[in-house]
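Colleague: With these hints in hand, go ahead and build the complete structure from the sequences.
Numbering (this note's numbering), first residue to last: 1 to 293.
Hints listed in this document are in silico derivations from the structure and should not be mistaken for laboratory results.
Every clue listed holds true.
Per label pair, the in silico range of CB-to-CB distance:
no., residue 1, residue 2, range
1, P135, P285, 43 to 53 Å
2, R168, E231, 27 to 37 Å
3, E260, D41, 45 to 55 Å
4, D117, R168, 47 to 57 Å
5, K200, E102, 38 to 48 Å
6, T182, E102, 35 to 45 Å
No more than 30 Å apart at the CA atoms, straight line, and that leaves these computed lysine-lysine pairs for DSS-like:
no., residue 1, residue 2
7, K273, K238
8, K22, K127
9, K217, K232
10, K21, K76
11, K247, K223
In this text, all values refer to a predicted model and were calculated from it rather than measured experimentally.
The beta carbon of each residue, even a glycine, is placed where N, CA and C say it ideally should be.
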Amino acid sequence: MPELPEVETVRRGLQELIVGKKFVGVQVYESPKSFPNTMSDARKFLINAQVVTVRRRAKVLLIDLNSDYTLVTHLKMTGQLIYVSPQQRWGAGHPNNSFLHELPDKSTRVEFVFSDDSHLYFNDQRKFGWVKLVPTVEVENIDFMRRVGPEPLEDAFTAQQFILRLRRRRNTTIKAAILDQTVLAGVGNIYADESLWGAKIHPATRVRDVSDTQLTKLLTEIKSVMILSIEKGGSTDKNYRDAEGRKGSYLSFARVFRREGKACPRCGSVIEKLRVAGRGTHICPVCQKLPVH
DNA sequence: CACTTGACCTGTCCGC
DNA sequence: TGCGGACAGGTCAAGT
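Modeller: Written out as structure tokens, the structure reads:
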């Protein structure tokens, strides 16, 4: 899915595009998971409500409404939230997002309509994602929100805290540990591989075998990789699009992710693909050595 | 509690 | 071409 940089890119787009807009309609195409609330709830708390702000926590997007309800969405692997203006709906396409006039399509789960006849589409090919409408004060009580760890890009999150939280997971691999959303928020498979390469740590290293110095370096790499990716509009492998339907370009700057068989930009060795923590994993076998015992 | 694995879905790609 | 299997950016429920 969309990891932190992709969700943040969508958030920034929506913040520009939909704040102040008023919902006048909603159409649910499929999957109760995508919009489990009753339509009577939607009528009461969504229809005629205006968007106040668009927030993000971890990989979750929060669209606050002036009805004191919040649209909470998780894009999981293939979710998209795409805004389409009335002009775009009539086919005023751009090469980068010319499919907008074709929406809704077969992957559209929910379609929202604003009073100016612009639309917001929640698309999700694999149907893992979800949208909920919950009272704003209840957002923090959602199970995931209670358990999720600190935001890596907040200055208040220090290396010391990062190390303390990671040390709870001594016997697992460092990659599994940073993918664990209760340790810290927002790291997914792409930025796990990229930041471990930056810190020269083999993803299968047990946490107990990674020094505090290396963990400090790892947090620095997580932050810098995410900041760069946000600048590039995130990573588009296949499905990911921003709020205007555009692709992100981070993958053309990636050092190891999906670059197996190519040269490591640091030492020139051939990048390898392996499986760690049940996920496809990319490393430089020379820069990232497993500790020997 | 810590840790691992499979399930949730659809689509695509690769080998036979 | 067709078919089976592996795999894809995330999380959660079970299992040990």
